[in-house]
Amino acid sequence: MAEVKKIATRQSYGNALAEFGAEYDNLVVLDADLAGATQTCIFKKAFPERHIDCGIAECNMAGIAAGLATTGKIPFMSSFAMFAAGRAFEQVRNSIGYPHLNVKIGATHAGISVGEDGASHQCCEDVALMRTIPGMTVIVPSDDVEARAAVKAAIEMDGPCYLRFGRLAVPVINDNDDYKFEIGKGIVLREGKDVALIASGLEVAETLEAAEKLAADGIDAKVINIHTIKPLDEDLVVAAAKETGKVVTIEEHSVIGGLGSAVCDVLSEKCPTQVLKIGVNDTFGESGPAKELLKKYELDAEGIYKKVKAFMA
Amino acid sequence: MDNLELKKTANEVRKGIVTAVYNAKSGHPGGSLSAADIYTYLYFEELNIDPKNPRKADRDRFVLSKGHTAPGYYSTLANRGFFPVEDLKTLRHTGSYLQGHPNMNEIPGVDMSSGSLGQGISCAVGMALSAKLSGDDYRVYTLLGDGEIQEGQVWEAAMFAGHRKLDNLVVIVDNNGLQIDGNIEDVCSPYPIDKKFEAFNFHVINIDGHDFDQIRAAFNEARETKGMPTAIIAKTIKGKGVSFMENQAGWHGKAPNDEQYEIAMADLEKAGE
Chain C
1 MAEVKKIATR QSYGNALAEF GAEYDNLVVL DADLAGATQT CIFKKAFPER
51 HIDCGIAECN MAGIAAGLAT TGKIPFMSSF AMFAAGRAFE QVRNSIGYPH
101 LNVKIGATHA GISVGEDGAS HQCCEDVALM RTIPGMTVIV PSDDVEARAA
151 VKAAIEMDGP CYLRFGRLAV PVINDNDDYK FEIGKGIVLR EGKDVALIAS
201 GLEVAETLEA AEKLAADGID AKVINIHTIK PLDEDLVVAA AKETGKVVTI
251 EEHSVIGGLG SAVCDVLSEK CPTQVLKIGV NDTFGESGPA KELLKKYELD
301 AEGIYKKVKA FMA
Chain L
1 MDNLELKKTA NEVRKGIVTA VYNAKSGHPG GSLSAADIYT YLYFEELNID
51 PKNPRKADRD RFVLSKGHTA PGYYSTLANR GFFPVEDLKT LRHTGSYLQG
101 HPNMNEIPGV DMSSGSLGQG ISCAVGMALS AKLSGDDYRV YTLLGDGEIQ
151 EGQVWEAAMF AGHRKLDNLV VIVDNNGLQI DGNIEDVCSP YPIDKKFEAF
201 NFHVINIDGH DFDQIRAAFN EARETKGMPT AIIAKTIKGK GVSFMENQAG
251 WHGKAPNDEQ YEIAMADLEK AGE
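Protein chains in written order, with the numbering used here: chain C, 1 to 313; chain L, 1 to 273.
Mixed in with the good hints, there may be bad ones.
[Said to hold, decoys possible] Beyond 10 Å from chain L on every Cβ pair, some chain C residues (computed):
no., residue
1, Val28
2, Ile173
3, Asp178
[To be verified] Straight-line distance between alpha carbons at most 20 Å, and here's what the computed SDA-like set of lysine to any residue pairs gives:
no., chain 1, residue 1, chain 2, residue 2
4, L, Lys132, C, Asn26
5, L, Lys132, C, Gly55
6, L, Lys132, C, Asp217
7, L, Lys25, C, Asp25
8, L, Lys132, C, Lys306
9, L, Lys132, C, Pro48
10, L, Lys132, C, Glu49
11, C, Lys45, L, Lys7
12, C, Lys306, C, Asn176
13, L, Lys270, C, Gln11
14, L, Lys7, L, Lys56
15, L, Lys132, C, Gly72
16, L, Lys132, C, Asp53
17, L, Lys7, C, Gly72
18, L, Lys56, C, Glu49
19, L, Lys165, C, Asp217
20, L, Lys165, C, Lys306
21, L, Lys165, C, Tyr24
22, L, Lys52, C, Asp25
23, L, Lys132, L, Lys7
24, L, Lys56, C, Asn26
25, L, Lys132, C, Phe47
26, L, Lys165, C, Asp53
What the hints contain is simulated information worked out from the structure, not anything from laboratory work. Here a beta-carbon is modelled for each residue, glycine too, at the ideal position from N, C-alpha and C.
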């Protein structure tokens with residue numbers, strides 16, 4: 001089998017900013033002393049005058065982004081998810097969300113796949129926080145292709161948008177001619193009639209692999225990539241629940257408040273269905289190589305396979 | 001406007017504040033009244049703005065970082081012609097566009113939503129930065145409370161503005177000396193305020209915030225200051241103009257009752273003569 005190309009979505013983010021920065025001269029990138037880690041350094045190299053390092057002051061960065069947006073700039077404020085969504089939550093809520101300003105929040109290093117830095121830097125709560133803000137679009141790209149498309153879509157839409165990127169290199173799974181990204185539209189990657197596996201971010205690739213293992217055991221799983229957590233593709237989720245009667249959500253995020261909760265919110269009202277939420281189970285992460293952590297927290301293909309198997313028994 | 005006209009206008013602004021808060025049965029008169037002369041000077045003398053075209057691209061921007069003193073802001077905007085003075089009576093009422101704290105999407109003339117302390121200055125810094133990036137020559141003004149500067153974000157913003165030499169930015173601190181829990185010196189002293197801004201590479205001007213000669217001179221000096229932002233520290237009296245509200249922390253966020261309203265308006269009528 002040929003080696004699968006892998007790239008971290010934070011790198012895709014940096015590449016996309018540099019690519020679209022040429023087209024949009026009002027695109028401004030803000031960072032908080034993490035340009036190397038968030039990969040906005042790629043943009044900085046191409047457009048140094050439009051790359052603003054705010055220093056280690058994320059709350060001020062959020063306000064600066066808001067101010068820039070009032071004057072017609074398209075600011076991308078960048079930091080780790082922990083600080084962009086966590087530390088600066090109230091600034092994002094009040095200075096960006098409440099006035100519905102056209103600020104894009106590029107949050108990298110989300111989830112436990114941050115790895116060795118450990119729990120203090122492994123944000124598993126950002127999607128929950130961001131989706132509670134009225135009018136906030138929340139996107140969790142699954143690979144390089146989708147991350148680029150998401151940045152483009154974020155530029156083209158008006159209003160605040162949270163983009164979640166990862167540190168770990170992940171397989172490129174959307175590199176095909178049929179691929180089409182539309183905010184709020186999920187993508188069916190595999191048809192199946194027994195159970196619907198709904199995943200986001202790096203868990204999409206893991207879930208596809210798990211589906212193949214399940215198929216070998218005679219379980220026919222439908223796999224859906226939900227890249228936009230908000231607004232959620234409710235029609236697709238409800239249709240999948242009706243087709244299969246059983247739903248599993250898979251995310252590298254707390255099982256409280258993220259994709260799983262969003263799916264349960266819609267199904268409980270429109271199509272009550274048994275749902276298994278796979279994610280980080282109301283716990284903090286820890287230090288270790290990303291791959292080992294995904295295995296330990298049963299968020300790799302094997303872990304997903306075992307949990308779905310038990311759920312289907 | 002000469003000083004007499006400014007004083008008369010500021011008195012009308014103060015009447016609007018008292019009327020708005022009285023009709024709302026809540027709100028923040030103390031810090032609105034202390035800043036009324038500064039609001040008046042900004043909107044009737046200093047700012048390049050057009051009430052008929054509130055969103056004109058080259059306008060000067062104003063961010064009310066101490067957003068709770070919205071009654072002072074609204075009364076000034078109304079008296080300047082952005083919306084009817086009569087509407088001040090709807091402050092804080094259900095369905096009114098005059099929200100408890102400024103909402104840029106609903107109120108003509110408001111450049112930024114605010115209310116959560118410490119955040120407005122960052123937004124003003126973003127606006128000033130934007131002008132520098134685009135080569136635009138509009139200026140940006142932001143008004144902070146002296147209690148507000150206890151928020152750490154204020155100093156993040158000040159550090160950035162000083163570092164970037166944003167000489168199109170003017171930060172005004174309404175130094176009325178009182179916050180909700182009492183004297184700012186007793187709660188958690190921010191003094192010396194001027195030295196702090198100097199340390200963050202601001203040009204600092206100390207003034208009496210009720211003296212229009214000093215206010216005028218300070219804003220002129222700010223315009224002439226190149227290579228660094230300006231901070232104007234305005235010593236003021238909380239509740240200025242209403243006898244029983246002056247220098248009383250209790251009038252930070254409380255509305256007058258019927259009797260108090262009559263006394264307050266009588267004070268202001270007398271001052272207007």
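Cross-check of the supplied hints:
1. Residue placement check: Val28(C) does not keep its beta carbon more than 10 Å from all beta carbons of chain L (closest about 7 Å).
2. The claim that Ile173(C) lies off the interface holds: its Cβ sits roughly 37 Å from the closest Cβ of chain L, which is beyond the 10 Å cut-off.
3. With 10 Å as the threshold on Cβ separation, the claim that Asp178(C) sits away from chain L holds: the shortest Cβ distance comes to roughly 40 Å.
4. With a C-alpha separation of about 13 Å, the suggested pair Lys132(L) and Asn26(C) falls inside the 20 Å cut-off, and the hint holds.
5. Under the criterion of a C-alpha separation no larger than 20 Å, the hint pairing Lys132(L) with Gly55(C) is consistent with the structure, at around 19 Å.
6. Distance check on the hinted pair: Lys132(L) and Asp217(C) sit about 63 Å apart at the alpha-carbon level, beyond 20 Å; violated.
7. For the given pair, Lys25(L) sits about 48 Å from Asp25(C) by alpha-carbon distance, which is inconsistent with the 20 Å threshold.
8. At most 20 Å may separate the alpha-carbon atoms for a hinted pair to count; Lys132(L) and Lys306(C) exceed this at roughly 57 Å.
9. Taking the CA atoms of Lys132(L) and Pro48(C), the gap is about 14 Å. The hint holds against a cut of 20 Å.
10. A distance of roughly 11 Å separates the Cα atoms of Lys132(L) and Glu49(C); the hinted pair therefore holds under the 20 Å criterion.
11. Note on Lys45(C) and Lys7(L): the hinted pairing is violated, with a Cα-Cα distance of about 54 Å set against a maximum of 20 Å.
12. Restraint check for Lys306(C) and Asn176(C): the C-alpha separation of about 30 Å exceeds 20 Å, so the hint is violated.
13. At roughly 68 Å between alpha-carbon atoms, Lys270(L) and Gln11(C) are farther apart than 20 Å, so this suggested pair is violated.
14. This hinted pair does not check out: Lys7(L) and Lys56(L) have alpha carbons roughly 28 Å apart, beyond 20 Å.
15. Between Lys132(L) and Gly72(C) the alpha-carbon distance is near 13 Å, which keeps this suggested pair within the 20 Å criterion.
16. At most 20 Å may separate the alpha-carbon atoms for a hinted pair to count; Lys132(L) and Asp53(C) meet this at roughly 15 Å.
17. About 37 Å separates the Cα atoms of Lys7(L) and Gly72(C), which puts this hinted pair outside 20 Å; it is violated.
18. Note on Lys56(L) and Glu49(C): the hinted pairing is violated, with a Cα-Cα distance of about 26 Å set against a maximum of 20 Å.
19. A C-alpha spacing of about 66 Å is found between Lys165(L) and Asp217(C), which places the hinted pair above 20 Å, so the restraint is violated.
20. A threshold of 20 Å between alpha carbons decides the hint, and for Lys165(L) with Lys306(C) the separation of about 59 Å lies outside it, so the pair is violated.
21. A distance of roughly 26 Å separates the Cα atoms of Lys165(L) and Tyr24(C); the hinted pair therefore is violated under the 20 Å criterion.
22. Annotation: proposed proximity of Lys52(L) to Asp25(C) is violated, straight-line Cα distance about 30 Å (limit 20 Å).
23. Distance hint between Lys132(L) and Lys7(L) is unfulfilled; the C-alpha atoms sit about 35 Å from each other, more than 20 Å.
24. A hinted pair counts as satisfied when its Cα atoms are at most 20 Å apart, and Lys56(L) with Asn26(C) qualifies at roughly 19 Å.
25. The straight-line distance between the Cα atoms of Lys132(L) and Phe47(C) is roughly 16 Å, inside the 20 Å bound, and the hint therefore holds.
26. Using a Cα cut-off of 20 Å, the hinted pair Lys165(L) and Asp53(C) holds, with the two alpha carbons roughly 14 Å apart.
Hint compliance for this structure: hints 1, 6, 7, 8, 11, 12, 13, 14, 17, 18, 19, 20, 21, 22, 23 are broken, all remaining hints hold.
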